[in-house]
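Chains as they are written, first to last, in this note's numbering: chain C, 1 to 114; chain L, 1 to 116.
Watch out, some of these pointers could steer you wrong.
Claimed, not checked - DSS-like, lysine-lysine: derived pairs with alpha carbons at most 30 Å apart:
1. C:Lys111 with C:Lys22
2. C:Lys42 with L:Lys80
3. C:Lys42 with L:Lys79
4. C:Lys22 with C:Lys71
No wet-lab data here; the hints were simulated from the structure.
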Amino acid sequence: GENVEQHPSTLSVQEGDSAVIKCTYSDSASNYFPWYKQELGKRPQLIIDIRSNVGEKKDQRIAVTLNKTAKHFSLHITETQPEDSAVYFCAARGLTGGGNKLTFGTGTQLKVEL
Amino acid sequence: SQTIHQWPATLVQPVGSPLSLECTVEGTSNPNLYWYRQAAGRGLQLLFYSVGIGQISSEVPQNLSASRPQDRQFILSSKKLLLSDSGFYLCAWIPPWGTGADNEQFFGPGTRLTVL
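Start from the sequences and build out the full structure, keeping to the hints where you can.
As structure tokens, this is what we get:
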């Protein structure tokens, strides 16, 4: 089945700096890669996603890039703000195993310091 | 619009007691449904998923079970809880194929379970 690795596990940046979180996946047939933000005690919220026919997608301060050849994708947050502090999860949807399942990375705790 | 509900929001149960958590989705039909568990400070572990009424697939062996008695209802159960069952239980759904948003997965508000 699919295996997703996520780095770093913790990331601390100064307000206004950029933050980058990286993920790799194992199933070359995976075709959908979402990113979720989870604030303390709350549900994960979908913040951006990318499909395998696209190399980059941007939504205001958030962007995601996908390199299908290398099987890795990244989340980029520019001009970070304190409210960006949360745990971020990447995920990949493979085509094996059925059920349209997402395989999640282990999460990155992002802390934006004033 | 579609919404997903979970109840109860919090639950404290003694070891060995039974468990029943419920998830319902509104505003859609024939969704894929999922149960995840998140231990404190940890990632998301997929427990069960369902592609239709009565169809349940288990991802990890455990003392939990799941059922889907109706199209938009997904239930997580246990006959006897263990201390290790404590965690944040999240239900999630994906719209049915062909709706144009059939890749996006949305999570319910979750149930925080503490087993003492």
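query: Keeping to a limit of 30 Å between CA atoms, is the pair of lysine 42 (chain C) and lysine 79 (chain L) held or broken?
result: holds, 27 Å
message: What's the verdict on lysine 42 (chain C) and lysine 80 (chain L), does the C-alpha distance respect the 30 Å limit or exceed it?
response: It holds: about 27 Å lies between the C-alpha atoms, which stays within 30 Å.
- prompt: Is the hinted pair lysine 111 (chain C) and lysine 22 (chain C) satisfied, with a Cα-Cα distance of at most 30 Å?
  reply: Between lysine 111 (chain C) and lysine 22 (chain C) the Cα gap is close to 16 Å, so the pair holds against 30 Å.
- prompt: Is lysine 22 (chain C) within 30 Å of lysine 71 (chain C), Cα to Cα?
  reply: Measuring from Cα to Cα gives roughly 11 Å; hence the hint holds.
Violated hints for the displayed structure: none, as all numbered hints are satisfied.
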